[in-house]
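A.B. asks: Assemble the whole structure, with the sequences as input and the hints as a guide.
Chain order of the listed sequences is Y and D.
Counting from 1, position 11 in the first sequence corresponds to residue 11 in the numbering used here; the numbering is continuous, with no gaps.
Counting the second sequence from 1 gives a position; the numbering used here is that position plus 1000.
Everything labelled a hint here was simulated from the structure, so no lab data went into it.
What you are looking at is a predicted structure, and each value in this text was computed from that prediction instead of being measured.
Please note that a few of the clues may not be correct.
[To be verified] Subject to a maximum C-alpha distance of 16 angstroms in a straight line, what follows is the list of computed EDC-like cross-link-like pairs (lysine to aspartate or glutamate): (1) Lys1037(D) - Glu38(Y); (2) Lys1080(D) - Asp36(Y); (3) Lys1178(D) - Glu1199(D).
[As the list claims (entries may be wrong)] Facing chain D, from chain Y, some residues (calculated, C-beta under 10 angstroms): (4) Val13; (5) Lys14; (6) Cys16; (7) Val49.
All residues carry an ideal CB built from backbone N, CA and C; glycine is no exception.
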Amino acid sequence: MKLLTTNFVQCAVKSCSSSSNCFPLHFTECELVHEDLEFDEDFIKNVMVKIDWPALLSVTRDIGNNSLPEEKPNIESCDEQVLRDLHLVLLETQIKDGKMICKNCDHLYHIKNTIPNFLLPPHLA
Amino acid sequence: MEETHVHAVYEAIAPHFSNTRYKPWPLVEKFLLEQEKGSIGVDVGCGNGKYIRYNHVYLMGCDRSLNLVEIARKETSERKNNGDVFTSDGLNVPIRPVDFAISIAVIHHFHTPERRIEAIRHVLSKVKKGGKAMFYVWALEQKNARANFNVEKKQDVMVPYVVPTTKEVHERYYHLYKENELLLDAQEAGGTIVDHGYERDNWYVIVTH
Ligand SMILES: [Zn+2]
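C.D. replies: Following this line, the structure appears as structure tokens:
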């Protein structure tokens, strides 16, 4: 699971969808892997417009990465290295195994072999 | 019905099924290539992830079948693709709205009109206002030899899938769409039709909301 994806997924339990606490999920016991991907400056710039920065900070802190600044970088004026760092965090950093917990209902989701599972047990589906 | 004749079947036939499904369909490819660089999209029912191959977008694929999603993960990783995969139900994709969506050869597996419309409505709800979603479904009006299974032109059918190596037969449930039926379902789901047509035994529609 790439960190960019964590900026979009939320709790799958229907009654949580109206709660602002269902996003982002809380990540714990995460094992990370690095996977090289080609850097594309315009791609990262356009993606950054869509990023919920506080949500990204919350997830990076969960996984023990404190490299990101408190404020969302201004992508029009920042230098290329900042964009390369964002590329590294958002696209090349993957959660191989770990857990995601909804801050609203405490439901636990597993990530195994880089694949998060959002299928719910029958009583919640 | 969907549990036995859709979910369980794909789980069982995943490795072979995936080997037969590599070529992207031209109009799906065109739709994806038209999306702006850096757009975020979702592929509901992504199967082996064959549409997660265009690196100007970030496409998140989801499917109920873990076996297929595992194949998608391996393939997209080997291709060095942007994008990601996860398992989820097609009627409950847990993401906040994104720029665009595709759902290719999926809606025809839901076995009531209500669930098919709900499925389209759910995919649309995952697209930002003004964004587009593309749907493909198998057509009743088929022109090639595969239509032999359905000489009586029934809309709700079981289509046998034979695994060549083992000769195992799995029956998959399909609702075969009549001309215009997909448009009506998409409108009923709250969508505005942008484009529609027929390609390779399938009806397709591009919808916005
Ligand atoms: Zn929840």
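A.B. asks: For each hint, tell me whether it holds in the structure or not.
C.D. replies: Hints and how they fare:
1. Lys1037(D) - Glu38(Y): holds, 14 angstroms
2. Lys1080(D) - Asp36(Y): holds, 8 angstroms
3. Lys1178(D) - Glu1199(D): With a Cα-Cα distance of about 14 angstroms, the restraint between Lys1178(D) and Glu1199(D) holds, given a limit of 16 angstroms.
4. Val13: Val13(Y) check passes; min Cβ-Cβ to chain D is 9 angstroms, inside 10 angstroms.
5. Lys14: holds, 7 angstroms
6. Cys16: holds, 9 angstroms
7. Val49: holds, 8 angstroms
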